[in-house]
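If you read the sequence shown in this note's numbering, its first letter stands for residue 38, the second for the next number, and so on.
Keep in mind the hints are simulated off the structure, nothing from the lab.
Since the model is a prediction, treat every value here as computed from it, not as a measurement.
Mixed in with the good hints there might be a few duds.
Cut-off 30 Å, straight-line C-alpha distance, at most; resulting in silico cross-link-like pairs (BS3-like, lysine-lysine) [stated by the list, open to error]:
1. K157 with K406
2. K262 with K151
3. K262 with K406
4. K41 with K151
5. K406 with K203
6. K118 with K77
7. K203 with K157
8. K236 with K368
9. K151 with K272
10. K60 with K77
11. K151 with K118
12. K77 with K272
13. K230 with K300
14. K44 with K118
15. K41 with K60
16. K372 with K230
17. K157 with K272
18. K118 with K300
19. K157 with K44
20. K100 with K406
21. K232 with K368
22. K100 with K203
23. K334 with K317
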Amino acid sequence: MTVKIRKVETDGDLSQFINLAWKIYEGDPNWVPPLLFDIKRRLSRTENPYFEHARAEYFLAEKNGELVGRITAQVDEHYYKHWGERVGHFGFFECINDQDVANALFDSVAEWLKSQGQVKMHGPYNFTINDECGLLVDGFDSMPMALMTYNPSYYQALFEGYGMSKAMDLLAYRADATTEPDPIVVNFASLLKEKHEIKIRNMSFFDFDRQMDWFVEIYNSAWEKNWGMVPLTEKELRSHAIELRLLALRWPSLNFFAESGGKPVGMSITIPNLNEVLIKLKGKVLSPNLLGLLTHKFESCRVFALGVKPDYRRLGVAAIFYVETLNAARKLGFKWGEMSWILENNEPMRRAIERMGGRVYKTYRIYEKAL
Numbered sequence: 038m039t040v041k042i043r044k045v046e047t048d049g050d051l052s053q054f055i056n057l058a059w060k061i062y063e064g065d066p067n068w069v070p071p072l073l074f075d076i077k078r079r080l081s082r083t084e085n086p087y088f089e090h091a092r093a094e095y096f097l098a099e100k101n102g103e104l105v106g107r108i109t110a111q112v113d114e115h116y117y118k119h120w121g122e123r124v125g126h127f128g129f130f131e132c133i134n135d136q137d138v139a140n141a142l143f144d145s146v147a148e149w150l151k152s153q154g155q156v157k158m159h160g161p162y163n164f165t166i167n168d169e170c171g172l173l174v175d176g177f178d179s180m181p182m183a184l185m186t187y188n189p190s191y192y193q194a195l196f197e198g199y200g201m202s203k204a205m206d207l208l209a210y211r212a213d214a215t216t217e218p219d220p221i222v223v224n225f226a227s228l229l230k231e232k233h234e235i236k237i238r239n240m241s242f243f244d245f246d247r248q249m250d251w252f253v254e255i256y257n258s259a260w261e262k263n264w265g266m267v268p269l270t271e272k273e274l275r276s277h278a279i280e281l282r283l284l285a286l287r288w289p290s291l292n293f294f295a296e297s298g299g300k301p302v303g304m305s306i307t308i309p310n311l312n313e314v315l316i317k318l319k320g321k322v323l324s325p326n327l328l329g330l331l332t333h334k335f336e337s338c339r340v341f342a343l344g345v346k347p348d349y350r351r352l353g354v355a356a357i358f359y360v361e362t363l364n365a366a367r368k369l370g371f372k373w374g375e376m377s378w379i380l381e382n383n384e385p386m387r388r389a390i391e392r393m394g395g396r397v398y399k400t401y402r403i404y405e406k407a408l
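Please work from the sequences and hints to get the whole structure.
Here is the structure:
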């Protein structure tokens, strides 16, 4: 039967687009359903500040009268301004195990991106590299960490069956949080902290606005030359203000900024693995399990943003962050942590994590294809 592709044009279409995921992952114990209100907000062209500098089209696939796939195609002008390359993105891909359906979805993306003047496609991005991104290609034996992607293992064959190739791998490291940190690393970090007069300031609920300005400043400086980087806007960060305030209120010791000479020079942001609770909510925010976000004894956490401004990287701030994070995680009772994601070509960061006992346990892949 012919695969039919149609655009998402109505609220009903959008609901179908969102709800398809429940069909794809039915019976998968490692899938964590997204909160419905959150994904609706992210897909909203009026509520998501991403659309102040980007445009997108959403597609649905039908076969034999049934909904069998979905995908988005998007063009981010901030990506073009930063890299000078006409590279379009795709994301929010879900599909049954059918190459014809996948090909039809990818063809729709390719045609739309070409109509927008793009010469290459990268993905998956939901919607940018600052959001959930990458296709899981290794590490299907456990549920994902908070704000990381998850997908059926057959997706890799669908992508490569369409002729896509690897652009970059994103690595997730796992490390035990119950053991004592390496004394050599601890002493080294302590010496650097004293020598360079590095001050560590915890994220503060009462100094939140100023620290959010620091966040954007440090992020856009520290990640500026990283592969695929797209600058983060203040509006995009503040669209997550509720979640960030929760971190500042409940887990301030896990989140901190480094100062040198009275200036913010680096940051380390660690979040508890909210998926330990979200997997029980089944996408519904009005659930008795929601209270678990405030009361749950989390076993795992994720270091999801650790960066230092380029001019200050020789001061050893990253080593200080590793020790501070590990000590805080141990005191809070976390058993293990994930450091993710790390670009496969970021050798300095990878070596540092491996010296602290981290090992790669999940791999996510960004694919590309010329248009």
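These are the hints, each one checked on the structure:
{"no.": "1", "hint": "K157 with K406", "verdict": "holds (6 Å)"}
{"no.": "2", "hint": "K262 with K151", "verdict": "holds (27 Å)"}
{"no.": "3", "hint": "K262 with K406", "verdict": "holds (22 Å)"}
{"no.": "4", "hint": "K41 with K151", "verdict": "holds (20 Å)"}
{"no.": "5", "hint": "K406 with K203", "verdict": "holds (9 Å)"}
{"no.": "6", "hint": "K118 with K77", "verdict": "holds (28 Å)"}
{"no.": "7", "hint": "K203 with K157", "verdict": "holds (13 Å)"}
{"no.": "8", "hint": "K236 with K368", "verdict": "holds (20 Å)"}
{"no.": "9", "hint": "K151 with K272", "verdict": "holds (29 Å)"}
{"no.": "10", "hint": "K60 with K77", "verdict": "holds (18 Å)"}
{"no.": "11", "hint": "K151 with K118", "verdict": "holds (18 Å)"}
{"no.": "12", "hint": "K77 with K272", "verdict": "holds (18 Å)"}
{"no.": "13", "hint": "K230 with K300", "verdict": "holds (15 Å)"}
{"no.": "14", "hint": "K44 with K118", "verdict": "holds (28 Å)"}
{"no.": "15", "hint": "K41 with K60", "verdict": "holds (18 Å)"}
{"no.": "16", "hint": "K372 with K230", "verdict": "holds (27 Å)"}
{"no.": "17", "hint": "K157 with K272", "verdict": "holds (28 Å)"}
{"no.": "18", "hint": "K118 with K300", "verdict": "holds (28 Å)"}
{"no.": "19", "hint": "K157 with K44", "verdict": "holds (21 Å)"}
{"no.": "20", "hint": "K100 with K406", "verdict": "holds (25 Å)"}
{"no.": "21", "hint": "K232 with K368", "verdict": "holds (26 Å)"}
{"no.": "22", "hint": "K100 with K203", "verdict": "holds (29 Å)"}
{"no.": "23", "hint": "K334 with K317", "verdict": "holds (15 Å)"}
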